[in-house]
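*Asks:* Sequence:
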Amino acid sequence: MQKSQPAAGTARFANGLLGTVWRVAFSLTLATAGSAGAHGGDHGPFTTRSVSPVQRLAIEQAWGISVEGIRLTAAGHMLDFRYRVLDPGKAGRLIHPKMGLLVIEEKSGAELPVPTMTKVGALKQTRSHLHPERTYSVLFANLNGKVKADAVVTVMLGDLRIEHLVVE
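Positions in the sequence shown are counted from 1; adding 866 to them yields our numbering.
FYI, nobody ran anything at the bench for these hints, they're computed from the structure. Glycine included, C-beta positions come from ideal geometry on N, C-alpha and C. Hints are not guaranteed to be accurate.
Stated by the list, open to error - Cross-link-like lysine to aspartate or glutamate pairs, in silico, EDC-like; alpha carbons within 20 Å at most:
{"id": "1", "residue 1": "Lys973", "residue 2": "Glu1034"}
{"id": "2", "residue 1": "Lys1012", "residue 2": "Glu972"}
{"id": "3", "residue 1": "Lys956", "residue 2": "Asp1016"}
{"id": "4", "residue 1": "Lys973", "residue 2": "Glu926"}
{"id": "5", "residue 1": "Lys964", "residue 2": "Glu999"}
{"id": "6", "residue 1": "Lys956", "residue 2": "Asp1025"}
{"id": "7", "residue 1": "Lys1014", "residue 2": "Glu1029"}
{"id": "8", "residue 1": "Lys1014", "residue 2": "Glu977"}
{"id": "9", "residue 1": "Lys964", "residue 2": "Asp1025"}
{"id": "10", "residue 1": "Lys1012", "residue 2": "Glu1029"}
{"id": "11", "residue 1": "Lys1014", "residue 2": "Asp953"}
{"id": "12", "residue 1": "Lys956", "residue 2": "Glu972"}
{"id": "13", "residue 1": "Lys1014", "residue 2": "Glu1034"}
{"id": "14", "residue 1": "Lys956", "residue 2": "Glu971"}
{"id": "15", "residue 1": "Lys1012", "residue 2": "Asp953"}
{"id": "16", "residue 1": "Lys1014", "residue 2": "Glu934"}
{"id": "17", "residue 1": "Lys973", "residue 2": "Glu1029"}
{"id": "18", "residue 1": "Lys964", "residue 2": "Glu977"}
{"id": "19", "residue 1": "Lys956", "residue 2": "Glu926"}
{"id": "20", "residue 1": "Lys964", "residue 2": "Glu934"}
To be verified - Taking CB as the label site, the calculated pair distances span:
{"id": "21", "residue 1": "Ala976", "residue 2": "Arg915", "range": "16 to 24 Å"}
{"id": "22", "residue 1": "Ala941", "residue 2": "Lys964", "range": "29 to 37 Å"}
{"id": "23", "residue 1": "His962", "residue 2": "Ala941", "range": "17 to 25 Å"}
{"id": "24", "residue 1": "His995", "residue 2": "Val1018", "range": "27 to 35 Å"}
{"id": "25", "residue 1": "His1030", "residue 2": "Pro979", "range": "18 to 26 Å"}
{"id": "26", "residue 1": "Pro998", "residue 2": "Met965", "range": "30 to 38 Å"}
{"id": "27", "residue 1": "Glu999", "residue 2": "Ala941", "range": "28 to 36 Å"}
{"id": "28", "residue 1": "Thr982", "residue 2": "Ser918", "range": "16 to 24 Å"}
{"id": "29", "residue 1": "Leu923", "residue 2": "Met983", "range": "31 to 39 Å"}
{"id": "30", "residue 1": "His995", "residue 2": "Gln927", "range": "33 to 41 Å"}
{"id": "31", "residue 1": "Pro998", "residue 2": "His962", "range": "28 to 36 Å"}
Put together the whole structure using the sequences plus the hints.
*Replies:* Here's what the structure looks like:
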């Protein structure tokens, strides 16, 4: 008599299902990324009120980017952080392939990484160079919905640390 191994089959099924969920979430995010403001979506333009004018100016001068915001996306399973490049020379430091990318929920200390998928890779835009006045995004995994709307987070892009952003 041969023993069945339901645990191995269940694990394969769960891993396949998780991969499918990430692919669907990624596809939906890309499909709807620019449409919220242009087509009467719920949130309007992708801009944030959580960056103070002083903080915005400091980031623009030091890093050559303007923070557009961080929002829940993919039914709350991901966070979408966006920034607009103002000075490609300064912002070029943000596209190093091995730089650490992380969101930290300030109240609980929960860390949300950028998910890496087998066939797609990391869910971030990578370029050999950045274009001025173009918006770039990074998707962070929000497994189990740890971070909710109105949570205060810190976004870390390599050496750049942007604190006290409010998730919209």
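*Asks:* Against each hint, give a clear statement of whether it holds in the structure.
*Replies:* Hints versus structure:
1. Lys973 / Glu1034: holds, 16 Å
2. Lys1012 / Glu972: holds, 12 Å
3. Lys956 / Asp1016: Not OK: Lys956 and Asp1016 at ~30 Å, beyond 20 Å, violated.
4. Lys973 / Glu926: violated, 27 Å
5. Lys964 / Glu999: violated, 24 Å
6. Lys956 / Asp1025: holds, 13 Å
7. Lys1014 / Glu1029: holds, 17 Å
8. Lys1014 / Glu977: Satisfied, since the Cα-Cα distance of roughly 13 Å is no more than 20 Å.
9. Lys964 / Asp1025: Holds. Lys964 to Asp1025 sits at ~12 Å (cutoff 20 Å).
10. Lys1012 / Glu1029: holds, 18 Å
11. Lys1014 / Asp953: violated, 32 Å
12. Lys956 / Glu972: violated, 27 Å
13. Lys1014 / Glu1034: holds, 9 Å
14. Lys956 / Glu971: violated, 27 Å
15. Lys1012 / Asp953: It is violated: about 34 Å lies between the C-alpha atoms, which goes past 20 Å.
16. Lys1014 / Glu934: Judged against 20 Å, a Cα distance of about 18 Å means the pair holds.
17. Lys973 / Glu1029: holds, 12 Å
18. Lys964 / Glu977: Between Lys964 and Glu977 the Cα gap is close to 18 Å, so the pair holds against 20 Å.
19. Lys956 / Glu926: Holds. Lys956 to Glu926 sits at ~9 Å (cutoff 20 Å).
20. Lys964 / Glu934: violated, 23 Å
21. Ala976 / Arg915: 16 to 24 Å: For Arg915 against Ala976, whose Cβ atoms are near 23 Å apart, the range 16 to 24 Å holds.
22. Ala941 / Lys964: 29 to 37 Å: The hinted range 29 to 37 Å holds for Ala941 and Lys964, with Cβ atoms some 30 Å apart.
23. His962 / Ala941: 17 to 25 Å: violated, 31 Å
24. His995 / Val1018: 27 to 35 Å: holds, 33 Å
25. His1030 / Pro979: 18 to 26 Å: holds, 20 Å
26. Pro998 / Met965: 30 to 38 Å: violated, 21 Å
27. Glu999 / Ala941: 28 to 36 Å: Given range 28 to 36 Å: holds, Cβ gap about 31 Å.
28. Thr982 / Ser918: 16 to 24 Å: Hint violated: Cβ distance 33 Å, outside 16 to 24 Å.
29. Leu923 / Met983: 31 to 39 Å: holds, 36 Å
30. His995 / Gln927: 33 to 41 Å: violated, 21 Å
31. Pro998 / His962: 28 to 36 Å: violated, 19 Å
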